[in-house]
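Chemist: Given next are the chains, with one letter for each unit.
Protein chains: 4
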Amino acid sequence: MTDLAGLVAAVREDIAPQIGTGRVADYIPALARVDPRHFGIAIATCDGGTAAAGDADLPFSIQSVSKVFTLTLALGRVGDALWRRVGREPSGSPFNSIVQLEREQGIPRNPLINAGALVVTDAILAGRRPEIAIAEILMYLRELADDPRVAVDREVAQSEAETGFRNASLANFIRSFGNIANPVASVLETYFNQCALAMTCRQLAHAGLFLANGGIDPVGGQRVVGPDEARRINAIMMTCGHYDASGDFAFRVGLPGKSGVGGGILAVAPRRASIAVWSPGLNASGNSLVGALALESLSRRTGWSVF
Amino acid sequence: MTDLAGLVAAVREDIAPQIGTGRVADYIPALARVDPRHFGIAIATCDGGTAAAGDADLPFSIQSVSKVFTLTLALGRVGDALWRRVGREPSGSPFNSIVQLEREQGIPRNPLINAGALVVTDAILAGRRPEIAIAEILMYLRELADDPRVAVDREVAQSEAETGFRNASLANFIRSFGNIANPVASVLETYFNQCALAMTCRQLAHAGLFLANGGIDPVGGQRVVGPDEARRINAIMMTCGHYDASGDFAFRVGLPGKSGVGGGILAVAPRRASIAVWSPGLNASGNSLVGALALESLSRRTGWSVF
Amino acid sequence: MTDLAGLVAAVREDIAPQIGTGRVADYIPALARVDPRHFGIAIATCDGGTAAAGDADLPFSIQSVSKVFTLTLALGRVGDALWRRVGREPSGSPFNSIVQLEREQGIPRNPLINAGALVVTDAILAGRRPEIAIAEILMYLRELADDPRVAVDREVAQSEAETGFRNASLANFIRSFGNIANPVASVLETYFNQCALAMTCRQLAHAGLFLANGGIDPVGGQRVVGPDEARRINAIMMTCGHYDASGDFAFRVGLPGKSGVGGGILAVAPRRASIAVWSPGLNASGNSLVGALALESLSRRTGWSVF
Amino acid sequence: MTDLAGLVAAVREDIAPQIGTGRVADYIPALARVDPRHFGIAIATCDGGTAAAGDADLPFSIQSVSKVFTLTLALGRVGDALWRRVGREPSGSPFNSIVQLEREQGIPRNPLINAGALVVTDAILAGRRPEIAIAEILMYLRELADDPRVAVDREVAQSEAETGFRNASLANFIRSFGNIANPVASVLETYFNQCALAMTCRQLAHAGLFLANGGIDPVGGQRVVGPDEARRINAIMMTCGHYDASGDFAFRVGLPGKSGVGGGILAVAPRRASIAVWSPGLNASGNSLVGALALESLSRRTGWSVF
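Chains as they are written, first to last, in the working numbering: chain F, 1 to 307; chain S, 1001 to 1307; chain Y, 2001 to 2307; chain R, 3001 to 3307.
Bound conformation, chain F alone (with noise of 0.2 Å):
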């Protein structure tokens, strides 16, 4: 479809001069050192059509992006039972979380925020080692990508290991209310080597196709979750997904999406395509500016928005 390529073609344009604006995460190194003025962008359509341009495809962290992942892949194992350990609520400012968190008995509001993906990742674990319940997320990602080369990034872990005092305390504070069952070192484990994965934005535009295809991956055929929840996971992304700022992805986009520190952003046009963007620097909500802006590109011109 030749569309495809044009589009892409003119929101890489649109977005030119802001290229390398935003703030690159600096918290571990791997990150702090990418170059901002990298920007890529893949679409893959329902109806089997693909583009992309820039640094498609260059892996980056996809650091939070996966916690979609996740989520998807502890729906398959624990089904609804998941909805009683964690909530589907924006949690309002990072603030709240903690607080929420607090007043909510160990409850995350959602499971897109960490205090959430912890207790996904806990739901997978399932009193599993470490090593094994990261060998099914990265061969799950895989499968869904269709590509053997999606990969944990090793340095990426260690530092999240080494500087993660935040989510081992939110971690701890969940164990406390009984809602972490394995140990949480393990859990720790696993979610830093989660966030470590390395995608290019077509492997995860590939990844997410499901999501806009009702449950099915078009490509390969196979079912990945059922439509209804297909569909729920987009509300959840529309809702939750950017953290403190998912409303206003929510009002200048229109599209469920998924951000990540490493300045990835997956977004879901429902019946119609999925779309991942990456450009390294970040706005104050620790979205990716320019990933974002692309995106607003992107809804305006095809007029995908879902509202």
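Worth flagging that the hints you see were computed from the coordinates, not collected in a lab. Because the structure is a prediction, the values reported are computed rather than measured. From the three backbone atoms N, C-alpha and C, an ideal C-beta is built for every residue, glycine too. Among the clues, some could well be false.
[Said to hold, decoys possible] Stretch by stretch, here's where chain F covers chain S in the computed footprint (C-beta under 8 Å, at least three residues):
(1) 1078 to 1091
(2) 1232 to 1243
[To be verified] Chain S residues, not near chain Y, derived (Cβ > 10 Å throughout):
(3) Ala1025
(4) Ala1032
(5) Ile1107
(6) Ile1132
(7) Glu1155
(8) Ser1159
(9) Gly1214
(10) Val1225
(11) Asn1283
(12) Arg1301
For this one, chain F is given, so just place chains S, Y and R on it according to the hints.
Modeler: Structure of chains S, Y and R alone, referenced to chain F:
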């Protein structure tokens, strides 16, 4: 369109066993004495179709559903300048609203919570007397509903004023940060009257139709807001329209919506239809219990979920 | 007692280099225009001694220092029943007061923060007109100070009313929980007038002397409160008298005290003396900067710290 | 001094009807199985008098009472520099501690809440191995109590470590702000051991006597801290020693004190005596119910209230 009539009938049948459940708001007599067994539904489609069932022609207190319309009115008055005075992020739990108001220096999180709606009302007042602003809001709703019978229930307005200490607290709090410009008493008087608007499901469905139709009322053909504005209002309804249960509504129904404590919900199916339901019994989050179930049924039957 | 004169002179000398430092409250004109270089100190001892230095005979706005006296008055009126409506725990940061008010269902943490003082004022009002309650409070202070010149500064009271949105917010909030019984406007009017009491250091030191003397004014001999009550009021001043810097004042001065935003501080040395200081410049916590230093010097020179 | 023996006997008689009330801490087995009917009291006066009654020679888990002694030890090590790492303000409700920790960038409100005590322990550790710091703390308490039988209860320490997720959460949280310098595991190990110190009332009363005596242990004559330091520690005990019931303890007892979840309370009557009570049943705030009543009785009988 015959399907519409079948649709509302089927939805009504789906929820019939639940009619009368939930807890009617009892903070003012006029609401407390409403029969919990009422149920009404009305649909208006972008291509001119309408259907209704149950008590769709009985006026009820729309309460917070009015916030959608005052937001629209204020955006028409002051445009994007409004967003300097109110955010567009979900607020988390009700508890947060006042905390965040303090942290965020009197800028309410979004225009669909009470704090934000008070600022919106202040923007509409714009130095005029409350009666003028109330009349303007009333005229606006009559036009949108294309029905001169839309009215303010004076008893409800009076009761709201007599018991509205929490809103008086919020308004004074915001005023202490300078984000309310008119006298607090004027803002409150206007606000209590807009909450006391009495409308039928049929009127409400028609009044919200422009939001489904890119900002144009398809019946009369007049443009109410621009297409981007309509999308944005829908986005805010999606992320913020049901207080602390907005995520759950998105998860279950998948449509932008706004509820009121009188038991009404307005939902928007972009490019398709506007739907109003009414059932006075509320769930724990203060949203119509049966109303939400009806919209869940409707969404499932039509596939209108945006996700 | 000649030492007293030497003491206040020495204290004044100690703080002389700091006179004029701190930041004068500027939220109302009548306070903003006070010369920051004022400094007054007065001591009244249980055995009848008095001494003063500096501007000890210049009236200033006692503001929150009045909370000690309205608490005393209310305890005389309703006794221990007051403690069902207000706690006696420190409130932590100012930020907490409204959060805790919500968590604790409209029961303010203690009677020396604004929320608690509003409840105390409500207890004094007891269904009467504000003028009556204001007159009673004024008479009470005149008696305690044994000086008919104690007065309400009408300009200050007026300004407080015009800018008191935060207090109006608190009062409405508490009222929404039913912990204010009189009309909010009456409570606020009374409260703004009590804050506007103008007294000299000499008057204030005398007025607080009963607290140092087991509840009896040693000059006139009349019992103001029982000995246990006096001890308890001192305890509350110690733990709650300086907002978010109560711990620091206890740490540095070691005496029960209550500060006001007008720059006054009343301190009580149990079984010894009552001390009033005044210096308009405030520190970051809103307490008199030089006043606190003067009390620190006095405590060090006398060994009157209770610790 | 014969009065002392009469005093403790009278106090014991006062509280006899209450013995066994309250709820024994049950988060670890070693505490849960303690007989609630224990009651011990010991007094040591500045002029060398001692008296004891009940189970005054039975060791119990001093738990948070240890925070007073580690604070003293840390102040001796790092002096006023400690106050850059921990505040000295009451923390309000337990709920606040973690919220304020976030707002105040990892600086705990005071050294007598868990968060602050963890920072104090970190200051004591100072790069050494936990066993060394634990040995130092133990030696310190043996010296202060002048009794080599003071010991760490290994079972309690072990249980604390196994269930201490909340403390692990706090320590990691503080570490994320850089206000803990040693490995979190080392800080926790030291902390759990200091909480597990087992002492008798008689040992504890002796150990705290320097605080009543201007910093000098009157028995052995050695200076533990300077007189200002002693006063300041007493001030902190007064405003912060009983968690969210510090104001109430000041109100009812009028003495600086520190409680522990094992049912012990150390109280200081400046210039007079040090008092230790023990009774395992706790009130709703987590302080010894009968212990606080005993101190209230003692304060009333002696007039030792500082107010």
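Chemist: Verify this for me: three or more residues of the stretch 1232 to 1243 of chain S with a beta carbon less than 8 Å from a beta carbon of chain F.
Modeler: Since 7 is at least three, the answer is holds.
Chemist: In terms of Cβ atoms, is chain Y entirely out of 10 Å range of Gly1214(S)?
Modeler: Label holds. Min Cβ-Cβ 40 Å, cutoff 10 Å.
Chemist: Hey, does Ala1032(S) actually stay past 10 Å from chain Y on C-beta?
Modeler: Since the minimum Cβ distance to chain Y is about 17 Å, Ala1032(S) lies beyond 10 Å and the statement holds.
Chemist: Is the nearest Cβ of chain Y still more than 10 Å from the Cβ of Val1225(S)?
Modeler: The claim stands: Val1225(S) keeps its Cβ more than 10 Å from every Cβ of chain Y (closest is about 33 Å).
Chemist: Quick check: do three or more residues in the stretch 1078 to 1091 of chain S have a beta carbon closer than 8 Å to a beta carbon of chain F?
Modeler: holds (count 5)
Chemist: Mind verifying the non-interface call on Glu1155(S)? Its CB should be farther than 10 Å from each CB in chain Y.
Modeler: Answer for Glu1155(S): holds, closest chain Y Cβ roughly 21 Å.
Chemist: Non-interface claim for Ile1107(S): all C-beta distances to chain Y beyond 10 Å?
Modeler: About 16 Å separates Ile1107(S) from the closest Cβ of chain Y, which puts it past 10 Å; holds.
Chemist: Beyond 10 Å from every Cβ of chain Y: is that where the Cβ of Ile1132(S) lies?
Modeler: Non-interface label on Ile1132(S) holds, nearest chain Y Cβ at 24 Å vs cutoff 10 Å.
Chemist: Does the claim that Arg1301(S) lies off the interface hold, with its Cβ farther than 10 Å from every Cβ of chain Y?
Modeler: Non-interface label stands for Arg1301(S): nearest chain Y Cβ at 41 Å, farther than 10 Å.
Chemist: Take a quick look at Asn1283(S) and tell me if its Cβ sits farther than 10 Å from every Cβ on chain Y, holds or violated.
Modeler: Consistent with the label, Asn1283(S) stays out of reach of chain Y, its closest Cβ about 22 Å off (over 10 Å).
Chemist: Taking the closest pair, is the beta carbon of Ala1025(S) still more than 10 Å from chain Y?
Modeler: Given that every Cβ of chain Y is farther than 10 Å from that of Ala1025(S), nearest at about 15 Å, it holds.
Chemist: Holds or violated: is the Cβ of Ser1159(S) farther than 10 Å from all Cβ atoms of chain Y?
Modeler: holds, 14 Å
The structure meets every hint from the earlier list without exception.
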